[in-house]
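Protein chains: 2
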Amino acid sequence: MRENYTLPRLYVPDDLSADVQIELPRETAHYLTNVIRKSVGDSVRVFNGTSGEWRAEIASSGKKSATLVVAKRLRQPTAVPDVTLLFAPVRKHRTAFMIEKGTELGVRTFQPVLTARTQFPRLNIDKARLQAIEAAEQTERLDVPKIRDAKPLLDILAAWDDTPILFADEAGDAERAREACAKLDAPLAVLIGPEGGFTDAERKELRAIPNVHPVTLGPRILRADTAAIALLSVWQSVNGDW
Amino acid sequence: MRENYTLPRLYVPDDLSADVQIELPRETAHYLTNVIRKSVGDSVRVFNGTSGEWRAEIASSGKKSATLVVAKRLRQPTAVPDVTLLFAPVRKHRTAFMIEKGTELGVRTFQPVLTARTQFPRLNIDKARLQAIEAAEQTERLDVPKIRDAKPLLDILAAWDDTPILFADEAGDAERAREACAKLDAPLAVLIGPEGGFTDAERKELRAIPNVHPVTLGPRILRADTAAIALLSVWQSVNGDW
Numbered sequence: 001m002r003e004n005y006t007l008p009r010l011y012v013p014d015d016l017s018a019d020v021q022i023e024l025p026r027e028t029a030h031y032l033t034n035v036i037r038k039s040v041g042d043s044v045r046v047f048n049g050t051s052g053e054w055r056a057e058i059a060s061s062g063k064k065s066a067t068l069v070v071a072k073r074l075r076q077p078t079a080v081p082d083v084t085l086l087f088a089p090v091r092k093h094r095t096a097f098m099i100e101k102g103t104e105l106g107v108r109t110f111q112p113v114l115t116a117r118t119q120f121p122r123l124n125i126d127k128a129r130l131q132a133i134e135a136a137e138q139t140e141r142l143d144v145p146k147i148r149d150a151k152p153l154l155d156i157l158a159a160w161d162d163t164p165i166l167f168a169d170e171a172g173d174a175e176r177a178r179e180a181c182a183k184l185d186a187p188l189a190v191l192i193g194p195e196g197g198f199t200d201a202e203r204k205e206l207r208a209i210p211n212v213h214p215v216t217l218g219p220r221i222l223r224a225d226t227a228a229i230a231l232l233s234v235w236q237s238v239n240g241d242w
Numbered sequence: 001m002r003e004n005y006t007l008p009r010l011y012v013p014d015d016l017s018a019d020v021q022i023e024l025p026r027e028t029a030h031y032l033t034n035v036i037r038k039s040v041g042d043s044v045r046v047f048n049g050t051s052g053e054w055r056a057e058i059a060s061s062g063k064k065s066a067t068l069v070v071a072k073r074l075r076q077p078t079a080v081p082d083v084t085l086l087f088a089p090v091r092k093h094r095t096a097f098m099i100e101k102g103t104e105l106g107v108r109t110f111q112p113v114l115t116a117r118t119q120f121p122r123l124n125i126d127k128a129r130l131q132a133i134e135a136a137e138q139t140e141r142l143d144v145p146k147i148r149d150a151k152p153l154l155d156i157l158a159a160w161d162d163t164p165i166l167f168a169d170e171a172g173d174a175e176r177a178r179e180a181c182a183k184l185d186a187p188l189a190v191l192i193g194p195e196g197g198f199t200d201a202e203r204k205e206l207r208a209i210p211n212v213h214p215v216t217l218g219p220r221i222l223r224a225d226t227a228a229i230a231l232l233s234v235w236q237s238v239n240g241d242w
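Protein chains in written order, with the UniProt record's numbering: chain D, 1 to 242; chain P, 1 to 242.
One thing to keep in mind: the hints can contain errors.
The list treats identical chains as interchangeable, and a pair is accepted whether it falls inside one copy or across any two copies.
Unchecked claim - In silico DSS-like cross-links for lysine-lysine, where the CA-CA straight-line distance does not exceed 30 Å:
hint: 1; residue 1: 38; residue 2: 92
hint: 2; residue 1: 127; residue 2: 151
hint: 3; residue 1: 92; residue 2: 127
Just so you know, the hints here were simulated from the structure itself, not pulled from any lab data.
Take the sequences, apply the hints, and build the full model.
Shown next, in the form of structure tokens:
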């Protein structure tokens, strides 16, 4: 077990250094004082995504407010490997799941992509960002993944550099996931299509990009969220920070 | 794309052979006629878990009933590798998720285990079985995973044979998942503890079993459902049927 592991862990947007005082956002203050019932003098851990992890102490607390004083640094900053998840938004709870699991599995950037068969293009980005923060708190990450605004897949591909894209392709001459993952270091992107798959036109555009690697994830049909989690797990295990 | 891939796919409990007539269960009939609006003469695919996949035609349909006549076999029976997922039940929607994803990732048997820190021991087994059937229909499996009744972990371990158990262990001298997976063929079990982890006593019992392999899934703390999906994905990719 890591030192101080049992202390509550909170994301804060503030700069962090010793003796700095932090006014917690209302929601975080509510969680701290009313949900997990901490009070003045109790210790917590805080991180802001760039400055590592710090121990802090509750200096004051009201019904919907709380102030912390930062004490000492517990962990130096580290970041996850540079992995981008390009994904077509799916049903609300499945997208939430993809954000949570992707954060645990070390996605640095989430890029929602709109494809011809995307059935749920309306993604609540603010909510997704909160889900990513909550997952980062829980999974003991020191950085928080970026969630970009949704964009059409073809626009993304038109501006793409030569970063390798691993994509789960149900049709055609795909390589085994393990073998493709073994060849590809970060920076890397993983692309997961909508439930109905990509159109022939999209597949053609994709195959025209340098460094695109279609892979197969076995004989069963996987849902989009399963494919995302599975492919991220295999890459982390074979060539990532596991 | 597989032949007949776009036809609806239904699990039926009946024996399957050419010209057999099947009375669909009420719920399945409702789904077929009212949800996806199929009618007399339309084709579907059916499977019963042991006889492969068959084409069938709707012979009659009422408001809450439907009869099929089985035509010809489309696929011979195949089974997933013999993998058992031993898991401590977690919150309802996370357990549902684990059943769905485990079915897609080729779990043959789900064995719920009760551990000292299991917070949600009440698992609705009938509902879990329906979730597994629905996932099997969707993922194009020809068999349906078994879901056993929940049992205390220590009872399971006391009766365990020498089937290897891969278990996600946050503490101690664990091997990397990829390396452990590369050594272990099916039959195999994957063990995932509750959110609070195993107790020292449980860990001691576990380590005393021959052929137990503690593995690490990287530097981030994974939720129980994430760990299950990740470890199953890595094993399938490295040594399973992917």
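Outcome of the hint check:
{"no.": "1", "hint": "38 / 92", "result": "between (32 Å within a copy, 28 Å between copies)"}
{"no.": "2", "hint": "127 / 151", "result": "within (17 Å within a copy, 38 Å between copies)"}
{"no.": "3", "hint": "92 / 127", "result": "both (11 Å within a copy, 22 Å between copies)"}
Violated hints for the displayed structure: none, as all numbered hints are satisfied.
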